[in-house]
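Undergrad: Listed below are the residues making up each chain.
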Amino acid sequence: MIDYHLNHLKELEAESIYVLREVAAQFENPCLLFSGGQDSIVVLHLALKAFYPASVPFTLLHVDTGHNFQEALDYRDNLVKKHGLRLLVASVQEAIDKGLVREEKGYNASRNALQTIPLLEAIEKNKFDCAMGGARRDEEKARAKERFFSHRDEFGQWDPKNQRPELWNIFNGRKHVGEHFRVFPISNWTEMDVWQYIYQEQIEMPSLYFSHKRKVFERDGVWYAASEFIQNKPTEVIEERVVRFRTVGDITCTGAVFSEASTLEDIIQEVAASRTTERGTRADDKRSEAAMEDRKKAGYF
Amino acid sequence: MTTTIEEIDNFDSKAYLDMELLRFSTAGSVDDGKSTLIGRLLYDSKSIFQDQMDAIEAASAKRGEEYVNLALLTDGLRAEREQGITIDVAYRYFSTPKRKFIIADTPGHIQYTRNMVTGASTANLAIILVDARKGIIEQTYRHSYIASLLQIPHIIVCINKMDLVEWDEKTFNRIVNDYKAFASKLDIKDVHFLPISALAGDNVVNRSENMDWYQGPTLMYLLETIHIGSDLNHIDARFPVQYVIRPMKNEYHDFRGYAGRIAGGVFRVGDKVKALPSGFSSKIKSIVTMDGDLQEAFAPQSVTITLEDEIDISRGDMLVRENNMPQVEQEFDVMLCWMNEKQMVPRGKYILRHTSRECKCIVKETKYKLNINTLQRLEDDLELGLNDIGRVTIRTTVPLFFDSYRKNRNTGSIILVDESTNETVAAGMIV
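Here the protein sequences come in this chain order: F and Z.
Heads up: the first sequence is residues 1 to 301, going by our numbering.
Heads up: the second sequence is residues 1 to 431, going by our numbering.
Among the hints, erroneous ones may be present.
Stated by the list, open to error - Listed next, with one range per pair, are the computed distances between beta-carbon atoms:
1. F:55 with Z:281: 43 to 53 Å
2. Z:57 with F:161: 37 to 47 Å
3. F:77 with Z:268: 56 to 66 Å
4. F:201 with Z:213: 22 to 32 Å
5. F:201 with Z:281: 29 to 39 Å
6. F:235 with Z:134: 54 to 64 Å
7. F:99 with Z:373: 52 to 62 Å
8. Z:192 with F:161: 32 to 42 Å
9. Z:63 with F:161: 15 to 25 Å
Claimed, not checked - Pulled from the structure, derived: some chain F residues nowhere near chain Z, Cβ distances all over 10 Å:
10. 166
11. 167
12. 188
13. 218
Just so you know, these hints were derived from the structure itself, not from any lab.
The beta carbon of each residue, even a glycine, is placed where N, CA and C say it ideally should be.
One chain only, chain F, in its complex shape (with noise of 0.2 Å):
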């Protein structure tokens, strides 16, 4: 008898691409998260895969916080343009000016959690009834407890305490009106699984999580890209090392390493080597044992 069986990566996309057709299905108006990261260019792809050979019916929403590599803004236009895809944009810089939301001052200042709200203003004004992302459950604690379809209230919150239970493959994105979903189509990856899944799939990645050479500083144990967005301390010192990024966010809080990788398969070996986890990369995560949860109960992604 032939032997029926999937490898890992090939059982997680069929399953992805199941959770993607199931928004599709049962939403009215979905947009997919977008940020130039490596997991939101995986479930593009797979969004990609899912509806072919049909275009994705969703809009790519990307929540802009003004701070950005140039190189990930330059790769999502020409995906856009590449696929015939719809981007919306989402800006910070607006919120602030609107007043919206306050700017964090002083040297650790960081606009990631000020994302919050535009990203529900846009949300609510564009009728998005449900929002995908790319967040994996081995990220992060709080998001070992995510639901593949995660209700959010009225407000926008989620309530860890007291989520729907999900089973087997059926989901649940019934909901009233106003309140929406946060689907999560790569839920059981790793970053393992992801940059396999990139190399199996040879998908063309931003130049910034190859090798380069950056002017970079360090606080705190984490090196950081030297920008117009950053204050330094006196103390801090700027200098040109050959470094890459293994997750890609806000300019101001994503941590560069010390990395010669400059394929896909040196990646990959540096993933399988490394002992600090990607997040272990990211400010955002270092300011208290529960910074995410309280983030993701306030309707951050």
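Starting from the known structure of chain F, fit chain Z onto it as the hints suggest.
TA: Chain Z only, in chain F's frame:
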């Protein structure tokens, strides 16, 4: 995630592409060391990262604990850490050079049966923990019954805290015999017993030096080698249609594809298929994926199927092989696990979801409620409240196409949704 030191030394990225995925659930009571066991599996398989280890070392020290509390790795929510309990199902990931593992870590308290059922619903394997000092207790019965009800194909009973019973073989054997006597009443196909100490690490990843009398495999060895290839039904072809793909592009002008995930069996190009509920027959013209067309596809692949004939098919319909039909009924019995604070309304109306189909239903009759600690059938107390399990008869507004849960977990499972709150209130296994 991740990888062992040995793997890093000669890491082969191609080999990693061909690993199997094993999903398992863990269940245990508050103090029998479940979180410690998971922490041990992650720690000894080198799956805990340095920054995670630093964080829990700091947290343990802050709480004044003597040794590093591995349970802090799994208790993610603030309330859980404060109360030292696990509230919700948490998913954990690790891998060895042989397999990738997904753990559904479920709390063992009496009030959290719903979480155990949730965690068990997608598992290939369940680890049941028994405290060697206490032997089989009510919760062991409950966990085993749920594993049997949810048809988890493999069970590993870990008799933990062997260090606290002086590594005594007789204690181990007594518990094994007690368990076997009880499990004979259940529908469990494959069960293994291991003497371990999660705290000290004996027989978890590394073989115990304290129990010469035990010659069997370690837990990790079992997890890496247990045969899971036959866990899915590859005989009865079932394809619930999820979504209809119509590209609206010139090059695919007449393209009409049915997207879905194969819920059972194998479909091949040229197969004669029948669409339910219409009953129209056609032949499979192509099996489409972005990576190219396939000649055959099997569970659990996600594909798009096109047919030779234009027949009316939409979401909620099912393609099956003509000579292998599922049951088509409007009335059937299910074992129902109630998951909501608001108890079940007798003759109440609910929304039912089954594969990609949704309809209204009425719970016609409750036949009995089960005492899941004794497996006694209660026929005089028929109220189903939170965490109760009972057998009910359901009538739907339209026919469902299903198999018994025993035959196929995908086509034999349903959930009930409350019409007014939209909450998922119950999960059911079709008898």
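Undergrad: Check each numbered hint against the structure and report the violated ones by number, ascending.
TA: Numbers 1, 2, 3, 4, 10, 11 and 12 - these are the hints that the structure violates, sorted from lowest upward.
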